[in-house]
Amino acid sequence: MGTPCKSTPNGSAAIHAEQLCRHYHMGEALIRAVDGLNLQVRAGEFVALLGSSGSGKSSVLNLIAGLDRPTSGSVVVHDRDLAKLSREELAGYRLRNVGMVFQSFNLIASMTLAENVELPMRFAEVERGKRDSLAREALARVGLQARMNHRPSELSGGEQQRAALARALINRPQLLLADEPTGNLDSRTGTEIMNMVREFNQQLGMTVVMVTHERELAERYAQRLIFLADGKLVGDEANSVAASAARIEPSEAVRP
Amino acid sequence: MKLPDLTELAVRNLRESLLRNSLTTVGISVGVASLVAMLSLGIGLQELASRRLMKSGLFDTVVVTSRRDLRNFGHEEERSGPAPGESRILDESTRQEIEHLPNVMEAYPDIRFITELRFEDKPHLTMISALPDSAKSNDAFEQMQGHFFSSDMAAEVVIQKAFAEELLGKTPKSGLDETNVASLAAPLLGKELVMRYAQREASPATSSSAAKGAAKDTSVASSDQNLASAAYSVVSREQKLKIVGVADLDPESMRGPTRARVFLPLKLAESLHVMQPTDLREITRAASDQPAYSSISVRVKNPSQIREIEDAIKKMGFNTFSILDATRSLQQFFAVLDLFLGIFGSLALAVASIGIVNTLVMAILERRREIGIMKAIGASDGDVKKLFFAEAGAMGILGGIVGVALGWAIGQAINLGTNIYLKRQALPPEHFWAVPWWLVGAAIVFAFVVSLLSGLYPAGRAARLDPVQALRYE
Numbered sequence: 001m002g003t004p005c006k007s008t009p010n011g012s013a014a015i016h017a018e019q020l021c022r023h024y025h026m027g028e029a030l031i032r033a034v035d036g037l038n039l040q041v042r043a044g045e046f047v048a049l050l051g052s053s054g055s056g057k058s059s060v061l062n063l064i065a066g067l068d069r070p071t072s073g074s075v076v077v078h079d080r081d082l083a084k085l086s087r088e089e090l091a092g093y094r095l096r097n098v099g100m101v102f103q104s105f106n107l108i109a110s111m112t113l114a115e116n117v118e119l120p121m122r123f124a125e126v127e128r129g130k131r132d133s134l135a136r137e138a139l140a141r142v143g144l145q146a147r148m149n150h151r152p153s154e155l156s157g158g159e160q161q162r163a164a165l166a167r168a169l170i171n172r173p174q175l176l177l178a179d180e181p182t183g184n185l186d187s188r189t190g191t192e193i194m195n196m197v198r199e200f201n202q203q204l205g206m207t208v209v210m211v212t213h214e215r216e217l218a219e220r221y222a223q224r225l226i227f228l229a230d231g232k233l234v235g236d237e238a239n240s241v242a243a244s245a246a247r248i249e250p251s252e253a254v255r256p
Numbered sequence: 257m258k259l260p261d262l263t264e265l266a267v268r269n270l271r272e273s274l275l276r277n278s279l280t281t282v283g284i285s286v287g288v289a290s291l292v293a294m295l296s297l298g299i300g301l302q303e304l305a306s307r308r309l310m311k312s313g314l315f316d317t318v319v320v321t322s323r324r325d326l327r328n329f330g331h332e333e334e335r336s337g338p339a340p341g342e343s344r345i346l347d348e349s350t351r352q353e354i355e356h357l358p359n360v361m362e363a364y365p366d367i368r369f370i371t372e373l374r375f376e377d378k379p380h381l382t383m384i385s386a387l388p389d390s391a392k393s394n395d396a397f398e399q400m401q402g403h404f405f406s407s408d409m410a411a412e413v414v415i416q417k418a419f420a421e422e423l424l425g426k427t428p429k430s431g432l433d434e435t436n437v438a439s440l441a442a443p444l445l446g447k448e449l450v451m452r453y454a455q456r457e458a459s460p461a462t463s464s465s466a467a468k469g470a471a472k473d474t475s476v477a478s479s480d481q482n483l484a485s486a487a488y489s490v491v492s493r494e495q496k497l498k499i500v501g502v503a504d505l506d507p508e509s510m511r512g513p514t515r516a517r518v519f520l521p522l523k524l525a526e527s528l529h530v531m532q533p534t535d536l537r538e539i540t541r542a543a544s545d546q547p548a549y550s551s552i553s554v555r556v557k558n559p560s561q562i563r564e565i566e567d568a569i570k571k572m573g574f575n576t577f578s579i580l581d582a583t584r585s586l587q588q589f590f591a592v593l594d595l596f597l598g599i600f601g602s603l604a605l606a607v608a609s610i611g612i613v614n615t616l617v618m619a620i621l622e623r624r625r626e627i628g629i630m631k632a633i634g635a636s637d638g639d640v641k642k643l644f645f646a647e648a649g650a651m652g653i654l655g656g657i658v659g660v661a662l663g664w665a666i667g668q669a670i671n672l673g674t675n676i677y678l679k680r681q682a683l684p685p686e687h688f689w690a691v692p693w694w695l696v697g698a699a700i701v702f703a704f705v706v707s708l709l710s711g712l713y714p715a716g717r718a719a720r721l722d723p724v725q726a727l728r729y730e
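Protein chains in written order, with our numbering: chain A, 1 to 256; chain B, 257 to 730.
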């Protein structure tokens, strides 16, 4: 446990990556998706990871999400060194500490929205009786109570992403990781989704890490912009626009 | 993940690709059905054989004879009992002694004699045998026309089909006999027969008290006095008997030339004191009017206990005879038959299990993304593995249940078919097929276990799937 993060006071650093590397082989070539990254994210912060495709931003997100393991270096989330967790513990971490949304929504096509939202609670072995009302509540929060028994294919992209958000939050994680959450949405529904993400960040105090290649989007919502290229950190700046933007655009989509 | 959730998700996933999973399940069903069909044929044949043979009284019966029996001349005596000279007499007291041995169901004297029966004033000479009440369950009597003796003392007879033909003046045909027993029985049932027989009667020189006679039995010393008292007279008697049943099958088919064609209730036969062939032989020893039996049949509760009972009776000083070894090799034969039938049946199930592996491996490819999603939102390797196991298990149980039903139906169909054939051949119907409950349970459990084993590899593969790769896969 000789990681530097241990010295950081609890609560101030939600994510602490040090000399983080993720290399893999593709045929003969060695791909350095993440290459010696140092990064700190404070609890409750809204951070955007920016970069062109292939810059390694999604790889960083997967490492923070515990979906992937670093080749070397460490990533510590809320005092947990993810590299040292077993596969089982890592699954538990993903289940309880992380909520994820993806560009392609990733809802399970054969399940209704309610069932999709309920699924993480099944894995978490939440009591059967409680699950139904919790799923209903979560869907109501994103304005989908009327669509509960529809399958994802019957819904618009925006609705699907809202359901995905409801699913990401159902086990009350501290961390929300979003991988191009508006990439498949038009700008209006994208705004809707982003307002919700910001609301979760501000009202629930969730730490949000969002991967995007749209600088404009990042500037509108994130408090901090981190730029990546070739798996390395090339820029880290506080965003002055976001604070004012939050007040300009009321989050009317959250509670219609 | 908990079992109800697991089952629910598994069933939902199975319904998603209904056709493929149904076909796989049908594969298992066919496998189970063939296994059930093969095994129930084996069990059915075994039951048929043992039903036939056990009811013949050969396999659960020990025949006890006196060591002095002529039959045993030249036989090497076993040293387990008293020397031949000290051999005891088979009489009522020994019968009771044998009957009180553990695991003995009953012991009854074999009473059989040749005598004349008059029917409509025509004499017929035949072998008559006495039957205990328990013979009712012999399948020869279960399927006969009319009914079994109303009581053990009733003046009633059951006659064998061949004798019925003789009484009616029909010439028995050789070979396959297609005469309908019902038509033979109709004119005979309720009719009277007159039996003429030789009764052994205590001679006036001795007391006819049975008790006294029994007491004398125990002191077999060949004193002059006892020799003198060992006299009795033989009196010709008549007894009216009512025909109550005509049996199609021969309950004594195994007895060969000494088999009887007319049967009397045992107690009635005993009370008649019919002169027995052994009476002449035993007169020098029995020394009384108390009958000495030529042999006693001992029925045991379970054929597996025959050996112990035989040993116990030998120790008492008698000779015993049973066809124990024949049953042994019969059981061995059926064990081997069952094994072979089981192996052939299992082959189909083995093919079906490859079907399960194939279906689940296909499902992994198809649901790669879904597995990735589940892992991303927090499913552990164990959850994914269990889910695939549950799917394999559900297919197994369902296939097992359908398979057992299918196997049972095949069995019924074959039973029906063979019985139609047997009927055409004028043979009585038989059950070749037996699906015992344990086989139903075992087949379903077996299908379940085989399915889980088939799920082992696919489930492991699904569990190891890398979520990052799986999510990238479109």
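Derived from the structure by calculation, the hints contain no laboratory data. Idealized CB from N, CA, C, for every residue including glycine. Just to be clear, a hint being listed does not mean it is correct.
Partial chain B-side listing against chain A, Cβ under 8 Å, derived [claimed, not checked]:
hint : residue
1    : E622
2    : R624
3    : A632
4    : I633
5    : D639
6    : K641
7    : Q681
8    : P684
9    : P723
Consistency of the hints with the structure:
1. E622: violated (11 Å)
2. R624: violated (12 Å)
3. A632: holds (6 Å)
4. I633: The hint holds - I633 of chain B has a Cβ within 8 Å of chain A, the shortest such distance being about 5 Å.
5. D639: D639 of chain B check passes; min Cβ-Cβ to chain A is 6 Å, inside 8 Å.
6. K641: Hint on K641 of chain B: violated, closest Cβ of chain A at ~11 Å, above 8 Å.
7. Q681: violated (58 Å)
8. P684: Violated: closest Cβ of chain A sits about 57 Å from P684 of chain B, beyond 8 Å.
9. P723: Because about 5 Å separates P723 of chain B from the closest Cβ in chain A, which is inside the 8 Å limit, the hint holds.
Of the numbered hints given earlier, the model fails hints 1, 2, 6, 7, 8; all others are met.
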